[in-house]
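Numbering (this note's numbering), first residue to last: 147 to 281.
Hint data in this document are derived by calculation from the structure and do not stem from the laboratory. Bear in mind that the values here come from a model prediction, so they are computed numbers and not experimental data. We put the CB at the ideal spot given by N, CA and C, even for glycine. Each hint should be verified, as a subset may be incorrect.
[Unchecked claim] With a straight-line cut-off of 25 Å between C-alpha atoms, the simulated SDA-like cross-links for lysine to any residue are: (1) Lys157 - Val175; (2) Lys217 - Lys251; (3) Lys162 - Leu261; (4) Lys214 - Ile154; (5) Lys259 - Ser184; (6) Lys218 - Thr155; (7) Lys157 - Arg249; (8) Lys173 - Glu227; (9) Lys217 - Val175; (10) Lys173 - Arg229; (11) Lys153 - Val204; (12) Lys162 - Glu227; (13) Lys251 - Gly238; (14) Lys217 - Gln172; (15) Lys183 - Glu252; (16) Lys260 - Leu156; (17) Lys260 - Thr174; (18) Lys217 - Glu227; (19) Lys259 - Asn166; (20) Lys217 - Arg202; (21) Lys214 - Ala181; (22) Lys153 - Ser230; (23) Lys235 - Trp200; (24) Lys218 - Thr169; (25) Lys259 - Ala181.
[Unchecked claim] Each pair of labels, with its calculated beta carbon distance range: (26) Glu225 - Met147: 17 to 23 Å; (27) Gln190 - Gly215: 41 to 47 Å; (28) Gln190 - Lys243: 39 to 45 Å; (29) Trp200 - Ser242: 27 to 33 Å; (30) Glu223 - Asn166: 16 to 22 Å; (31) Glu193 - Met147: 40 to 46 Å; (32) Leu261 - Tyr186: 21 to 27 Å.
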Amino acid sequence: MALYENKITLKGFLGKDAENFATRNQKTVVVLSLATKSGYKDQQKNEWVNHTEWHRIVAFGKSADYAKGLKKGDYVEVEGELRSTEYEKEVGQSKSKVKVTFRDKEVRANTVKKLAAPAKGENLDADPITEDDAA
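Make a model of the complete structure from these sequences and hints.
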């Protein structure tokens with residue numbers, strides 16, 4: 147039994163085409179924008195309330211080589227680990243600027259798989275989500 151474990155599995159739809167980058171030593175890095183959905187039934191209004199969560203996925207190596215061909219609307223499964231990055235930023239007007247620490251989260255992908263799109267009604271409330279729908 148592991149003392150610590152950082153493992154995450156996500157299934158969802160891509161909100162835009164894969165973004166490809168190269169590192170200084172010409173290694174491929176791919177960034178994906180993945181939407182997952184959850185929902186619940188509001189008992190007072192007697193209607194479903196859906197929530198879309200957007201995830202930044204970063205893939206390197208073989209995972210990046212596979213992921214670089216993915217397109218907006220593709221249904222994918224990502225396995226990896228959750229990473230966070232801290233950075234400071236000054237906010238406010240010139241006289242009252244304050245340094246604030248922000249934390250961003252992303253998933254470092256170990257594997258990326260394109261899945262067959264689920265049949266209509268198969269545990270889905272709606273069609274594939276795009277980033278345009280998030281607003």
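Okay, the hints, checked on the actual structure:
The straight-line distance between the Cα atoms of Lys157 and Val175 is roughly 20 Å, inside the 25 Å bound, and the hint therefore holds. Pair hint Lys217 plus Lys251 holds up; C-alpha atoms about 22 Å apart against a cutoff of 25 Å. For a cut-off of 25 Å, the pair hint linking Lys162 to Leu261 stands: about 16 Å separates their Cα positions. Restraint check for Lys214 and Ile154: the C-alpha separation of about 21 Å stays at or below 25 Å, so the hint holds.
Of the supplied pair hints, the one linking Lys259 and Ser184 holds, its CA atoms being roughly 21 Å apart against a limit of 25 Å. Taken as a hint, the Lys218 and Thr155 pair is honoured in the structure, with Cα atoms around 20 Å apart against an allowance of 25 Å. Simply put, Lys157 and Arg249 have alpha-carbon atoms about 24 Å apart, close enough for the 25 Å limit, and the pair holds. For a cut-off of 25 Å, the pair hint linking Lys173 to Glu227 stands: about 20 Å separates their Cα positions.
In summary, the hint linking Lys217 to Val175 is supported, as the alpha carbons are separated by about 16 Å, within the 25 Å threshold. Annotation: proposed proximity of Lys173 to Arg229 holds, straight-line Cα distance about 20 Å (limit 25 Å). Between Lys153 and Val204, the direct Cα distance comes to roughly 14 Å. Compliance with the 25 Å bound is thereby established for this hinted pair. A hinted pair counts as satisfied when its Cα atoms are at most 25 Å apart, and Lys162 with Glu227 qualifies at roughly 22 Å.
With a C-alpha separation of about 24 Å, the suggested pair Lys251 and Gly238 falls inside the 25 Å cut-off, and the hint holds. In summary, the hint linking Lys217 to Gln172 is supported, as the alpha carbons are separated by about 23 Å, within the 25 Å threshold. Only pairs whose Cα atoms come within 25 Å are accepted, and Lys183 paired with Glu252 is accepted, the gap being roughly 17 Å. Note on Lys260 and Leu156: the hinted pairing holds, with a Cα-Cα distance of about 12 Å set against a maximum of 25 Å.
Taken as a hint, the Lys260 and Thr174 pair is honoured in the structure, with Cα atoms around 19 Å apart against an allowance of 25 Å. Taking the CA atoms of Lys217 and Glu227, the gap is about 23 Å. The hint holds against a cut of 25 Å. Simply put, Lys259 and Asn166 have alpha-carbon atoms about 17 Å apart, close enough for the 25 Å limit, and the pair holds. At most 25 Å may separate the alpha-carbon atoms for a hinted pair to count; Lys217 and Arg202 meet this at roughly 15 Å.
Restraint check for Lys214 and Ala181: the C-alpha separation of about 17 Å stays at or below 25 Å, so the hint holds. For the proposed pair Lys153 and Ser230, the alpha carbon gap of about 14 Å is at most 25 Å, so the pair holds. For a cut-off of 25 Å, the pair hint linking Lys235 to Trp200 stands: about 23 Å separates their Cα positions. A distance of roughly 24 Å separates the Cα atoms of Lys218 and Thr169; the hinted pair therefore holds under the 25 Å criterion.
Taking the CA atoms of Lys259 and Ala181, the gap is about 15 Å. The hint holds against a cut of 25 Å. A C-beta distance of roughly 20 Å is found between Glu225 and Met147, which places it inside the suggested range of 17 to 23 Å. Evaluation of the 41 to 47 Å hint for Gln190 and Gly215 yields a pass: the beta carbon distance comes to about 46 Å. Separated by about 43 Å at the C-beta atoms, Gln190 and Lys243 satisfy the suggested range of 39 to 45 Å.
Checked against the hint of 27 to 33 Å, the pair Trp200 and Ser242 passes, with Cβ atoms roughly 31 Å apart. In this structure, Glu223 and Asn166 meet the distance hint of 16 to 22 Å, their C-beta atoms being roughly 20 Å apart. Range check, Glu193 to Met147: Cβ separation about 43 Å, and the 40 to 46 Å hint holds. Against the hinted window of 21 to 27 Å, the Cβ-Cβ separation of Leu261 and Tyr186 comes to about 25 Å, which satisfies the hint.
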